[in-house]
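Produce the complete structure using the sequences and hints provided.
In terms of our numbering, the sequence shown has 453 at position 334, counting the first letter as 1, and numbering is strictly consecutive.
Rather than coming from a laboratory, the hints here were simulated on the basis of the structure.
Treat the hints with care, as some may be off.
Claimed, not checked - Below are the EDC-like pairs computed for lysine to aspartate or glutamate, each with C-alpha atoms no more than 20 Å apart in a straight line:
| id | residue 1 | residue 2 |
| --- | --- | --- |
| 1 | Lys-460 | Asp-527 |
| 2 | Lys-554 | Asp-527 |
| 3 | Lys-245 | Glu-307 |
| 4 | Lys-711 | Asp-699 |
| 5 | Lys-246 | Asp-161 |
| 6 | Lys-743 | Glu-297 |
| 7 | Lys-669 | Glu-297 |
| 8 | Lys-245 | Glu-319 |
| 9 | Lys-246 | Glu-236 |
| 10 | Lys-344 | Asp-654 |
| 11 | Lys-711 | Glu-582 |
| 12 | Lys-506 | Asp-608 |
| 13 | Lys-344 | Asp-635 |
| 14 | Lys-245 | Asp-312 |
| 15 | Lys-278 | Asp-226 |
| 16 | Lys-707 | Asp-472 |
| 17 | Lys-421 | Asp-191 |
| 18 | Lys-421 | Glu-319 |
| 19 | Lys-533 | Asp-699 |
| 20 | Lys-684 | Asp-666 |
| 21 | Lys-421 | Asp-161 |
| 22 | Lys-408 | Asp-654 |
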Amino acid sequence: MKKIFPIIIAAVLTNTAGCKKDSEFLDVQPASILTNQQAFSDPAQVLSILADLYNRQLDFSGLDNGWASFADFSESFPSENGSANIVQRNEWGFREWETWDYGYIRDLNLFIERATEATALAETDKKRFLAEARFLRANYYFEMVKRMGGVPLILQSLKYDFSGDATSLQYARAKESEIYDFVISEAEAVKNDLPANPNEKSRATKGAALAMEARAALYAGSIAKYGVNTPQVSLPGGEVGIPAAMATGYYTKALNAAREIISGSAGAYALYNIKPDPGENFASIFLDKGNNPESIWVEDFKLRSGRVNGFTVSTQPRYGAEEEEGGRINPSLNLVQAFEKLDNTFAPIPNTDVSGNPVYYSSLSAIFAGRDGRLYGTVILPGSSFKSRPVDIWAGYQLADGSIITGDDRGAQKTLPGQSAPVQVVGFDGPVSAKEFTAQTGFYLRKYVDPTPGAGSRGTNSEIPFIRYRYAEVLLNAAEAAFELGQPDVAAGYMNQVRARAGLIIPLTARDITFDRIVHERRVELAFEGHILFDRKRWRLAHLVWDGNKMTAADLLSNIGSATKRSTQPFGLWPYRLHDPGNPDHGKWTFKIVLPVTVTGTNRFRLGNYYSFIDDNIRANNPKIVRQPNQ
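And the structure:
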């Protein structure tokens, strides 16, 4: 959506009165400022106000709010020295992920009140504007409850009477379930006042409301069911924690909302399935603005509008890029090996045989063959291309005695044994140990990285949108809700649609659908879309997956596909070329598992991290706000 600055609707005094007495001066209406009545009389003016409210929506990960959230949780490595704290800290602070923007809530409430009172707007315009504002308010409350648990539920603009008594402005925290109930009920209330138009992406639609409802109900159901595993993560007043008895009701609501979208009642959404190659097709979901039936609600950008994003500038392979920028997000081997084989089995990337001997490959890409197509659409692998250029990822030469010849810069050259002239001994895209902006895990990010000429330049940037809700997630939400309601056959049907698009054409059966499968499928389909943290929080898995203990290579390679598999440090996989003239494997590639030297810390998710810290000043100003548990 184009950035539109809001019309100021509060009356202010301007120096336009000339020589008038005080009483007359105070009655003069500013020439350049609109009153509330004027501002809410023209649909175009109302839309400009609403546009600002859209622009203030909060995303956990996004293309215009930095790249650091994409480089956390051991799903990737931050290849920027200034961000090394991400892999050097030993725990997350309690303030991580907090939000408490009641200024935004007040502005949404004011908009709703003033639009409701407007008499000059056509009823159809008023109905849509009000539905959009209520959707935005509900979606932000959803963002709050995911982070904070129950928060004060304020649905009107509050005014201070300057009496010295502020108790009327002090609201207690609602129960966590009450906030989820509000989000769900608002979606139901406004869905039919929003257009059922799948071609509308940046404004709220019926599909967006239902997608929000399905996700929110699924979250609430998970917290109710799996919260019993962490009884200490609760408060006696229900501000944190949801009773287990409420799980079935929430899962039912999630499945029903998802099915409304799937049935077509919100418009003809579908999986993006345009390109024949599953990997290319998957990558294109996040790049194709003009022919994308999958995206439901997006944060949009447009070139030469003042509203563009610099995500590609930060993340593209650096060598050969515009302005030699990029390289900051290196997906981890932890994530790469999670993409299963085409026979529906899980296995490490095969760098050694069953006896532990290195395996040699004729090409860099051969080691990754036969995997879930989403791998190739999510990660730039050694041997692949970006912008029609082969990506040059390899770490050096391995000699017959096992020693390594490499360099300390991209594309470095050295003379190999038995040769007289120097040759390149490390890729122009890295990896180079501890050298920022190179592929220090052996991989770069592909998802959301824009190959359009100029998109990697600070002067141009990119206009690809960030997808907040999409149809594949709706199918996975429906699958999870159906599974939790004892319908594994229904869950398999929804999951198989998503998997077939990725090239996994052997259908899962009802017997195959387990909690582990549900967790796995969301991880690989939704990687780098802002779900990893909140999924593991709602399932109460976060303290198990990120338990603060260092990992070994054996830890990395075991229990792939398990929902509780530990992942506290991001590992990499480095390619080396064998230099051993006379050996039949001379010139072939071998791969070594590495832990980047910068990784000195371990991810530790404490019980107090399940809900973010509420600022001391907030609680001091409002004694009704109870403190979070375990902090």
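Inset, instruction - Would you pick out the hints that fail for this structure and give their numbers low to high? - result: 1, 7, 11, 12, 17, 21 and 22
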